[in-house]
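S.K.: The chain contents come next:
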Amino acid sequence: MRKNSAEKVAYGFIVALLALLCISVVYPFLYMLAISLNDGADAARGGVYVWPRSFTTINYEIVLGNEVIRHSYLITIGRTVLGTVLGLFVTLLAAYGLSYRNLPLRSAILAYVLITMLFNGGLVPFYIQLNNMHLLDTFWVFIFPGLFSAWNMFVMLKFIQGIPEALIESAELDGAGPLRTLLQIVMPLSKPMLAALGLFTAVGHWNDWFSGAFYVTSQSLIPVQTFLQQLLSASDLSAVLGSNSNQEALARSAEMQNITLMSIKMAVVMVSALPILCVYPFLQKYFVKGVLIGSVKG
Amino acid sequence: MRSIKKGKGTVALSLAAMLAVLAGCSGNGGNNANAGSEAAGTQSAQASASATASASQASGDPLAFKLWLGWTATINNDSLVQKYWREKEPGVDVKLEATQGDALTALNLNINTGGFDDAAIFSRNDTVKSAMGRSNQIQSLEQYFDMPDKYPGLASIPKQYLERMKDKDGHIWSIPAWFDQNPNDPWPGWSSLAWTVRTDVVEKAGMKLEDLSTLDGVETFLKKAAEQKDASGKALLPMSFLMDTNDTAGWNDENAILTAFGVSTSGKGVAKKGDDFVFTFDDPQYKAAYQWMNKLYREKLIDPEVVTDKKERYKEKNKSGRVALNVGSFFNIDTSLWETLDGPTEPGWYYQVIPFPKVPGVDQVGTNQVVNPYPGYDVYISKKDEKSRRDPEVLRLYAGAEAGAAAGHQRRPCRPLLGLDRSTAWKVEIHRR
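Those sequence lines, one after another, are chains A and B.
Take the first sequence: its position 122, counted from the start at 1, is 122 in this note's numbering, and no numbers get skipped.
Take the second sequence: its position 14, counted from the start at 1, is 14 in this note's numbering, and no numbers get skipped.
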């Protein structure tokens with residue numbers, strides 16, 4: 001269909017606006033990447049905006065050689081994987097159970113869950129609860145509180161209710177119990193929804209710095225985002241350089257004189273943000289499907 | 001095909017689960033980080049946790065002691081100092097812990113869940129003090145300050161500090177830290193704000209340091225310095241200072257110029273001149289100082305980027321020898337510039353402090369630093385802590401020389417450790433230079 005001139009102008013305007021929006025989102029990352037790949041002292045002179053002027057990988061060598069960061073990464077990856085998998089599974093169990101319309105007290109349970117989604121006791125009661133459960137200063141404080149999500153449960157519930165009942169009935173007729181029906185009928189059909197919710201859950205775990213800041217005190221348990229927060233408020237390089245396993249080699253390197261805190265901070269930001277960004281393309285197709293799948297009833 | 005995919009999926013899931021369990025069950029083995037942001041405070045906390053030989057040494061097991069730091073810090077519980085305390089003397093296994101978030105929120109949470117173990121150190125704060133008091137989780141300590149035979153360190157704390165800490169019942173609920181041993185004459189003799197000049201540039205300009213004793217002399221020097229070139233062939237920046245308000249040292253460098261003009265910049269912005277109290281901004285010399293700075297800026301005798309430079313940029317210029325005269329805090333120049341030098345291999349070697357230049361009509365340099373000798377930190381002892389009930393000396397500074405040496409590497413070497421005389425810390429720092 002041919003567009004008239006007004007439509008072309010409007011189209012051009014929309015494209016320009018979206019391009020501007022895209023640049024405003026992408027540019028900060030580009031800037032941080034450029035600084036992180038640039039010699040620190042050279043970057044401090046200014047003028048590095050899009051491309052590194054004096055390319056070096058020393059900032060990443062320092063960051064990735066840092067034992068605290070490596071351990072923080074392990075914690076973050078562990079909590080993201082375990083927290084996402086277990087969280088989805090536990091929530092799915094609840095959603096599947098509540099999808100049975102003839103479940104006794106179903107309305108009351110749903111109302112109870114809804115109330116917990118809308119209201120909460122606040123930080124201090126939650127902290128007291130974690131303390132009473134002996135979760136403080138343990139790795140499991142990152143996992144257990146997030147095992148059940150009320151919001152995700154409602155989304156899953158609606159999705160499961162959208163699965164044709166005939167499928168479930170036929171499985172039951174063939175002798176499948178509820179668990180088998182869940183694992184072999186419902187779960188495979190719920191992949192798009194699980195992928196979408198899994199992505200949100202994983203991103204939540206990956207980006208969470210709060211629990212690392214207040215619920216743990218051991219240095220060995222802080223996730224990478226909490227360490228990043230520490231580093232961003234640091235005033236010198238001792239927080240990073242002191243814990244490097246290769247600091248002797250670094251000390252001999254002439255490049256060490258040109259290291260600045262800013263370039264190290266940028267490298268840490270990149271190292272902590274890029275992995276989760278890379279997950280998005282793999283889940284993109286599920287994400288789109290998951291959003292649309294409940295919208296058209298056949 | 002499906003079975004291969006299923007197999008791969010199972011393997012991937014198992015690997016992920018194993019990784020997660022590994023992370024969850026990992027201990028303190030990889031914990032090698034350095035003490036971080038409040039480095040001096042952390043060092044003082046480490047120093048504070050030393051103990052005299054106690055009953056626990058008889059059993060051979062080190063006495064475990066937990067000290068909670070009321071600020072964000074990267075903790076290293078395997079430092080050389082802690083190892084020495086644990087393995088050699090006094091046989092105390094000190095474990096530091098810190099919050100990574102807001103300290104007051106963390107305190108609130110801790111108090112609501114039974115309180116902290118052993119001891120906690122916070123910067124002096126009424127909110128912290130009242131929260132600790134209301135929690136009923138700390139023990140009173142007033143009896144330990146009057147036992148010079150048993151606890152000479154605690155008894156040596158000046159009584160005027162302790163008097164102000166007593167509540168209406170006469171209880172003292174914390175051990176004061178970071179104070180001056182001489183409350184009537186704290187921190188004698190030096191300030192961090194200075195005029196620092198490169199002697200090599202002075203020599204090349206054909207002048208002597210004495211020529212810079214007046215404002216006119218300084219201007220003459222700056223004009224001659226502007227004609228010189230640095231190692232990379234660029235014209236020298238005659239004068240520079242740090243105007244970034246986010247600098248870590250917290251001192252405003254322009255105050256060094258203002259005080260040369262007789263303006264007092266310390267305290268609350270009010271100075272007594274004769275019988276009158278004059279606000280800083282009302283002092284005509286305040287305007288005169290900025291007029292002078294503006295004049296130099298227009299004549300390109302001040303680095304044109306001084307208004308926008310961040311601290312790293314300022315330090316980079318100093319390090320590469322581009323600046324002839326630095327005005328302001330020597331901490332902002334970054335003391336590592338000359339601390340690590342063994343000879344005239346870098347521009348930092350030539351840095352020399354000169355007296356504040358005489359400004360016409362000004363009889364006395366203004367005050368730019370007021371030292372508060374009163375304690376800046378408080379150490380609270382938990383009621384749960386039996387160890388300190390036996391040996392509150394565990395909280396006293398162990399050895400002046402070692403504490404001073406520890407202070408020497410800090411970003412602010414003048415910041416004393418617990419109870420250490422500030423002048424002693426400075427003397428140690430001079431010695432190390």
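Derived from the structure by calculation, the hints contain no laboratory data.
Among the clues, some could well be false.
Incomplete in silico selection of chain B near chain A, CB under 10 Å [to be verified]:
#1 68
#2 74
#3 98
#4 105
#5 109
#6 139
#7 140
#8 143
#9 147
#10 150
Taking CB as the label site, the calculated pair distances span [stated by the list, open to error]:
#11 A/137 to B/148: 55 to 61 Å
#12 B/384 to A/144: 22 to 28 Å
#13 A/124 to B/300: 26 to 32 Å
#14 B/208 to A/45: 31 to 37 Å
#15 A/52 to B/167: 57 to 63 Å
Note that beta-carbon positions come from the ideal geometry of N, C-alpha and C, so glycine has one too.
S.K.: Each hint needs a verdict: does it hold in this structure or not?
M.R.: Results for each hint:
no. : hint                       : in the structure
1   : 68                         : holds (8 Å)
2   : 74                         : holds (5 Å)
3   : 98                         : holds (7 Å)
4   : 105                        : holds (7 Å)
5   : 109                        : holds (4 Å)
6   : 139                        : violated (22 Å)
7   : 140                        : violated (26 Å)
8   : 143                        : violated (31 Å)
9   : 147                        : violated (33 Å)
10  : 150                        : violated (33 Å)
11  : A/137 to B/148: 55 to 61 Å : violated (39 Å)
12  : B/384 to A/144: 22 to 28 Å : holds (26 Å)
13  : A/124 to B/300: 26 to 32 Å : violated (59 Å)
14  : B/208 to A/45: 31 to 37 Å  : holds (33 Å)
15  : A/52 to B/167: 57 to 63 Å  : holds (60 Å)
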